[in-house]
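If you read the protein sequences in the order shown, they are chains V and S. Just so you know, the working numbering puts 2 at position 2 of the first sequence, and the rest follows in order with no gaps. Just so you know, the working numbering puts 56 at position 56 of the second sequence, and the rest follows in order with no gaps.
Since the hints were made in silico from the structure, they are not lab data. Do not take every clue at face value.
With a Cα cut of at most 30 Å, we get these calculated DSSO-like pairs of lysine-lysine [what the hints assert, rightly or not]:
| no. | chain 1 | residue 1 | chain 2 | residue 2 |
| --- | --- | --- | --- | --- |
| 1 | S | Lys-19 | V | Lys-3 |
| 2 | V | Lys-16 | S | Lys-36 |
| 3 | V | Lys-73 | S | Lys-41 |
| 4 | V | Lys-70 | V | Lys-16 |
Covered stretches of chain S, going by a simulated chain V footprint (3 or more residues, C-beta under 8 Å) [claimed, not checked]:
| no. | segment |
| --- | --- |
| 5 | 50 to 64 |
| 6 | 93 to 106 |
Computed Cβ-Cβ distance ranges for the label pairs, DEER-style [stated by the list, open to error]:
| no. | chain 1 | residue 1 | chain 2 | residue 2 | range |
| --- | --- | --- | --- | --- | --- |
| 7 | V | Pro-9 | S | Glu-52 | 22 to 30 Å |
| 8 | V | Ile-46 | S | Pro-61 | 27 to 35 Å |
| 9 | S | Tyr-51 | V | Leu-84 | 21 to 29 Å |
| 10 | S | Gly-14 | V | Ile-46 | 44 to 52 Å |
| 11 | V | Ala-81 | S | His-79 | 47 to 55 Å |
| 12 | S | Met-15 | V | Ala-18 | 27 to 35 Å |
| 13 | S | Gly-96 | V | Gln-30 | 36 to 44 Å |
| 14 | S | Gln-82 | V | Lys-16 | 43 to 51 Å |
| 15 | S | Pro-61 | V | Gln-57 | 22 to 30 Å |
| 16 | V | Asp-29 | S | Asn-17 | 40 to 48 Å |
| 17 | V | Arg-63 | S | Gly-96 | 34 to 42 Å |
| 18 | V | Leu-84 | S | Gly-14 | 15 to 23 Å |
None of the values given here were measured: they were computed from a predicted structure. Idealized CB from N, CA, C, for every residue including glycine.
Residues per chain, in single letters:
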Amino acid sequence: AQKITQTQPGMFVQEKEAVTLDCTYDTSDQSYGLFWYKQPSSGEMIFLIYQGSYDEQNATEGRYSLNFQKARKSANLVISASQLGDSAMYFCAMRGSYNNNDMRFGAGTRLTVKP
Amino acid sequence: DTEVTQTPKHLVMGMTNKKSLKCEQHMGHRAMYWYKQKAKKPPELMFVYSYEKLSINESVPSRFSPECPNSSLLNLHLHALQPEDSALYLCASSLGDTQYFGPGTRLTVL
Numbered sequence: 001a002q003k004i005t006q007t008q009p010g011m012f013v014q015e016k017e018a019v020t021l022d023c024t025y026d027t028s029d030q031s032y033g034l035f036w037y038k039q040p041s042s043g044e045m046i047f048l049i050y051q052g053s054y055d056e057q058n059a060t061e062g063r064y065s066l067n068f069q070k071a072r073k074s075a076n077l078v079i080s081a082s083q084l085g086d087s088a089m090y091f092c093a094m095r096g097s098y099n100n101n102d103m104r105f106g107a108g109t110r111l112t113v114k115p
Numbered sequence: 001d002t003e004v005t006q007t008p009k010h011l012v013m014g015m016t017n018k019k020s021l022k023c024e025q026h027m028g029h030r031a032m033y034w035y036k037q038k039a040k041k042p043p044e045l046m047f048v049y050s051y052e053k054l055s056i057n058e059s060v061p062s063r064f065s066p067e068c069p070n071s072s073l074l075n076l077h078l079h080a081l082q083p084e085d086s087a088l089y090l091c092a093s094s095l096g097d098t099q100y101f102g103p104g105t106r107l108t109v110l
């Protein structure tokens with residue numbers, strides 16, 4: 001069974017600073033994918049970044065980067081130069097290789113960017 | 001273009017009503033999903049359609065009935081819902097690894 005853990009219910013960051021959101025996972029699959037989504041108060045889940053378990057390089061997408069440490073089973077999201085619009089709920093998610101249509105989410109972290 | 005559309009945005013219904021949620025994508029994605037999200041909780045998978053066939057049903061009560069009329073459309077038919085079914089219902093689609101979500105339908109059952 002797959003399990004995703006986000007231990008930070010809420011985080012605060014000053015505008016223009018960087019912030020790291022933690023995510024650890026547990027799976028017995030050799031091949032899996034890790035995702036981060038952003039959910040503003042409007043409700044839409046916005047895809048941010050993806051990391052495959054066999055990718056050797058950490059994924060980056062603009063101000064988002066994923067700090068992937070396979071041995072530690074962690075996939076932390078780093079947001080650089082935070083903006084007020086980054087205030088939202090952030091979910092880490094994983095899909096395994098057995099049924100890769102089955103994606104499971106962590107509990108989420110609410111990020112608040114302070115001016 | 002990674003757009004998934006959902007209608008309606010908001011829906012209020014009584015426990016005896018029948019209503020439907022609609023989801024549409026024109027990205028050529030062959031898998032489509034329904035999720036239910038309660039306030040302050042992560043989304044929970046309800047159904048998965050792969051190539052227009054139901055491939056995952058996460059033991060969802062029969063008062064929720066999914067339908068995939070074609071590769072671009074996904075419906076969720078609602079009948080005899082309970083107040084605890086009030087939630088945000090999210091649709092998603094995928095071609096490869098990444099799922100793209102619609103804006104959701106906020107459902108309130110009175």
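Using the beta carbons of S:Pro-61 and V:Gln-57, state whether their distance is inside 22 to 30 Å or not.
-> violated, 44 Å
Note whether the CB distance of V:Arg-63 and S:Gly-96 lies within 34 to 42 Å or breaks it.
-> Cβ of V:Arg-63 to Cβ of S:Gly-96: about 24 Å, so the range 34 to 42 Å is violated.
May I ask you to test the hint 44 to 52 Å on the CB atoms belonging to S:Gly-14 and V:Ile-46?
-> About 33 Å separates the Cβ atoms of S:Gly-14 and V:Ile-46, which means 44 to 52 Å is violated.
With a cut-off of 30 Å on the C-alpha distance, tell me whether S:Lys-19 and V:Lys-3 pass.
-> violated, 34 Å
Between S:Gln-82 and V:Lys-16, does the C-beta distance stay in 43 to 51 Å?
-> Between S:Gln-82 and V:Lys-16, where Cβ atoms are some 47 Å apart, the hint holds.
For the pair supplied as a hint, V:Lys-70 and V:Lys-16, confirm whether the alpha-carbon distance does not exceed 30 Å.
-> Distance ~29 Å between V:Lys-70 and V:Lys-16 Cα, so the pair holds.
Taking only the CA atoms, is the gap from V:Lys-73 to S:Lys-41 under or equal to 30 Å?
-> holds, 23 Å
Are 3 or more residues of the segment 93 to 106 of chain S near chain V, judged by a Cβ distance of less than 8 Å?
-> Result for this restraint: holds, n = 10.
With respect to the beta-carbon atoms only, verify the hint that V:Ala-81 and S:His-79 lie 47 to 55 Å apart.
-> Holds, at about 49 Å.
Can the segment 50 to 64 of chain S be counted as covered by chain V under the rule of three residues or more with Cβ-Cβ separation shorter than 8 Å?
-> holds (count 3)
Outcome of range test on Cβ distance (V:Ile-46, S:Pro-61; 27 to 35 Å) = Holds - the Cβ-Cβ distance for V:Ile-46 and S:Pro-61, about 29 Å, lies within 27 to 35 Å.
Please test the hint of 22 to 30 Å on the beta carbon pair from V:Pro-9 and S:Glu-52.
-> violated, 39 Å
Hints 1, 2, 7, 9, 10, 12, 13, 15, 17, 18 from the list above are not met by this structure, while the remaining hints are.
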